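Number of protein chains: 2
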Amino acid sequence: MNAEIIAVGSELLLGQITNTNARFLSGQLALIGINVYYHTVVGDNATRFKHALEIAESRSDFIIITGGLGPTKDDLTKETVASHLGLPLESDENAMEQIELFFKRTKREMTENNRKQALILQGAQVLPNNHGMAPGMVVTKEDKLYMLLPGPPSELEPMFLTYGTAALVGRLSSQEQIVSRVLRFFGIGEALLENEIEDLIDNQSNPTIAPLAAEGEVTLRLTAKHSVISSAIELIDEMEEKILSRVGQYFYGYDEISLMDELAKLLKENKLTISCAESLTGGMFQEQFTSIPGAGGSLKGGVICYTNEVKANVLHVRKETIEHDGVVSRKCAAELAENVASLMNADIGISFTGVAGPDELEGKPVGTVYIGISVNGKPAAVEKLNLGGTRAANRIRTVKYGCYFLLKKLKEIQEA
Amino acid sequence: MNAEIIAVGSELLLGQITNTNARFLSGQLALIGINVYYHTVVGDNATRFKHALEIAESRSDFIIITGGLGPTKDDLTKETVASHLGLPLESDENAMEQIELFFKRTKREMTENNRKQALILQGAQVLPNNHGMAPGMVVTKEDKLYMLLPGPPSELEPMFLTYGTAALVGRLSSQEQIVSRVLRFFGIGEALLENEIEDLIDNQSNPTIAPLAAEGEVTLRLTAKHSVISSAIELIDEMEEKILSRVGQYFYGYDEISLMDELAKLLKENKLTISCAESLTGGMFQEQFTSIPGAGGSLKGGVICYTNEVKANVLHVRKETIEHDGVVSRKCAAELAENVASLMNADIGISFTGVAGPDELEGKPVGTVYIGISVNGKPAAVEKLNLGGTRAANRIRTVKYGCYFLLKKLKEIQEA
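Chains Y and F, in that order, give the protein sequences.
Counted the way UniProt numbering counts, the first sequence spans residues 1 to 416.
Counted the way UniProt numbering counts, the second sequence spans residues 1 to 416.
Be aware that one or more of the hints could be misleading.
[As the list claims (entries may be wrong)] For the chain F half of the interface with chain Y, some residues (derived, Cβ under 10 Å), not all of them: (1) Phe-24; (2) Tyr-37; (3) Val-41; (4) Val-42; (5) Ala-191; (6) Asp-202; (7) Ala-210; (8) Met-284; (9) Pro-358; (10) Thr-390.
Treat the hints as calculated values from the structure; they're not laboratory data.
Just so you know, these numbers come straight off a predicted model, no measurement behind them.
Don't be surprised by glycine CBs; every beta carbon is placed ideally from N, CA and C.
Could you put together the complete structure from these sequences and hints?
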């Protein structure tokens with residue numbers, strides 16, 4: 001089954017937003033063995049959209065259409081597909097009920113054009129929308145399979161994962177199983193990692209090995225094909241073992257897991273509480289930590305100590321340290337980590353102080369960062385970084401390094 | 001001149017990377033008045049790429065092709081375009097020199113396939129690559145204009161800005177100027193906003209009006225065409241005035257500005273300092289605030305008060321409030337805002353407490369949020385929200401509402 005993804009929306013053609021839906025869907029379709037041969041983007045224009053549909057039908061079996069299911073006038077996806085396929089639109093009771101409930105719950109006023117969102121193509125299987133109002137749908141016409149999905153990624157992604165994949169798997173004719181696994185590394189550059197496994201990459205066939213670098217991390221995606229799923233998994237297991245025997249010290253997790261996920265898991269398992277003093281990161285560490293559902297239980301709280309005044313008065317960094325060593329210093333990071341743990345009554349204190357940029361600070365260059373970690377009231381260990389990126393990249397990498405150092409520290413303690 | 005962007009690369013169809021080049025180029029082309037009607041993505045497959053070229057030629061005057069200019073086996077863009085257009089490839093001396101220099105400078109060994117990168121289509125105008133080895137090029141054949149650009153955004157973007165735009169502007173036949181402006185709204189739904197300006201949308205021609213909703217915000221993009229740029233701006237000014245006379249109370253800014261940018265600007269102008277107590281948002285408000293270069297000067301600092309213990313011990317929320325009203329309450333929000341301002345010695349205290357989800361808290365449903373704002377030591381004003389989204393969406397919207405309420409409050413004070 002060959003697929004094509006058509007995104008509908010003039011905002012894509014104007015460069016206002018990026019077509020992240022095509023990337024998400026392509027990755028998901030690869031996992032269930034559906035080849036995507038084309039992506040198309042077309043504006044909110046019925047004629048050009050119909051033209052794109054005709055081309056897609058001439059070369060693809062399965063056509064996914066994203067966007068244009070909303071309540072406004074330029075949302076013309078359903079109407080155009082309906083007229084193109086010669087299928088009438090009908091109001092779906094369940095979808096209508098969900099829309100009415102949404103307005104009741106949020107105490108907002110419902111307008112007539114919101115009712116349009118409950119219309120579906122006659123005979124279509126409805127994909128419920130648990131994060132918005134417009135339902136998705138799947139319909140077959142003349143051997144072609146059509147799937148309509150809402151444009152906002154916050155609606156499309158959960159809808160596809162929960163209902164879309166299931167709707168497809170039942171219709172798949174191919175018996176080849178594709179298994180994919182991502183290995184995640186931190187603390188090693190892409191070129192160096194590739195060097196270490198160069199022969200494996202050169203001789204790859206099944207599984208394939210695809211490296212990708214992003215924001216200080218490197219990932220390797222292993223993909224194996226086999227008629228028996230357990231055999232595909234075995235092929236991946238073998239290759240993973242070979243790779244990790246060479247660069248295992250930099251490996252930290254699988255697939256979509258982040259360093260922060262790993263940290264939250266380890267803290268929860270060990271019933272440890274954490275607190276955080278953030279200067280240059282401005283709250284990013286704690287924001288990411290609390291974005292993981294359930295992780296919040298390990299976080300007592302923390303202080304954003306952006307000014308020297310707050311470092312001194314709220315977190316009691318010594319006057320001598322600030323005047324003699326400065327706030328971008330080993331000593332300041334240590335005192336911040338120790339004192340935030342004591343203020344918040346937490347097992348662990350972690351601190352971030354440094355120069356995010358664009359300007360230098362205390363004569364220290366952009367990218368100078370100190371991370372302090374104090375566990376169980378012990379004097380803090382401090383790590384120094386020399387990062388070379390933009391303000392945004394330096395902050396992101398600082399938070400990742402914080403997770404990485406703390407994970408290492410906790411594993412050392414466990415093993416001791 | 002109607003344009004189409006064809007991206008070549010199997011990694012795009014596998015979902016390994018996102019087609020950010022199409023977004024970048026579309027935005028840039030819009031600025032110089034070139035309409036983009038289609039984006040296409042095709043894999044590293046000569047047959048399917050040729051097929052995509054034929055379709056593009058049937059509907060577009062100007063075809064931009066990105067990616068596949070590298071030295072490896074799967075880089076087939078130049079060869080395919082050459083055979084499709086019947087133009088031979090020739091080695092470009094300047095490009096060859098640049099490639100040799102690159103290898104000399106980095107002391108790396110040059111392989112035969114690197115020479116491939118210096119090949120250009122006969123008769124093409126070369127676009128030099130100052131950030132990599134593969135040159136870009138522009139060529140005309142039978143009234144169609146073709147532009148080939150390298151795939152990596154770090155090479156494509158500077159190449160297009162420095163050489164690509166200039167190459168195009170010289171070839172543009174139309175002298176029509178296009179001006180675009182985005183109006184940003186908060187606190188009103190997309191459907192409701194459109195209802196208010198339905199007649200303007202129905203009768204739009206010049207300027208056009210394109211609404212877009214994302215994360216609780218709605219934007220309207222106004223685009224006007226005129227042979228004289230000042231007249232295009234006038235057309236937009238007139239339409240903006242009409243729109244704002246109806247929904248001006250929800251308008252907060254232009255183009256790429258965010259609510260947080262507006263807030264940071266207002267605080268700086270008025271030399272006001274701010275502090276923040278964050279429970280459900282976990283640091284997101286302060287992380288976003290400090291991500292704006294230079295904004296940090298207005299932020300004294302803040303407390304992430306994720307636990308009741310920290311609310312009580314560090315921010316001194318009264319025991320009575322926690323036991324009687326709970327932490328998800330008007331009173332708790334007020335005390336948090338007042339006390340964080342006093343702890344941090346700041347002019348303004350803002351607090352966020354509520355239920356992000358997925359589970360309810362204190363018997364209060366997911367999406368119940370209180371935002372407290374205290375200015376100059378005065379008792380806090382508290383706003384209540386009933387949000388209906390996921391954990392992530394509720395946190396993002398809470399931060400946006402925080403900016404929105406604080407902006408409103410500060411403007412009220414200014415006007416009083």
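Results for each hint:
1. Phe-24: Since chain Y brings a Cβ to about 7 Å from Phe-24 (chain F), closer than 10 Å, the hint holds.
2. Tyr-37: At 6 Å from the nearest chain Y Cβ, Tyr-37 (chain F) passes the 10 Å test, so the hint holds.
3. Val-41: With a closest approach of 4 Å, the Val-41 (chain F) hint holds.
4. Val-42: holds (6 Å)
5. Ala-191: holds (5 Å)
6. Asp-202: Holds: closest Cβ of chain Y sits about 8 Å from Asp-202 (chain F), inside 10 Å.
7. Ala-210: holds (6 Å)
8. Met-284: holds (5 Å)
9. Pro-358: Result: holds, 6 Å to nearest chain Y Cβ.
10. Thr-390: This hint holds: Thr-390 (chain F) lies near chain Y, its Cβ roughly 6 Å from the closest one there, short of 10 Å.
Consistency with the previously given hints is maintained throughout, with no hint failing.
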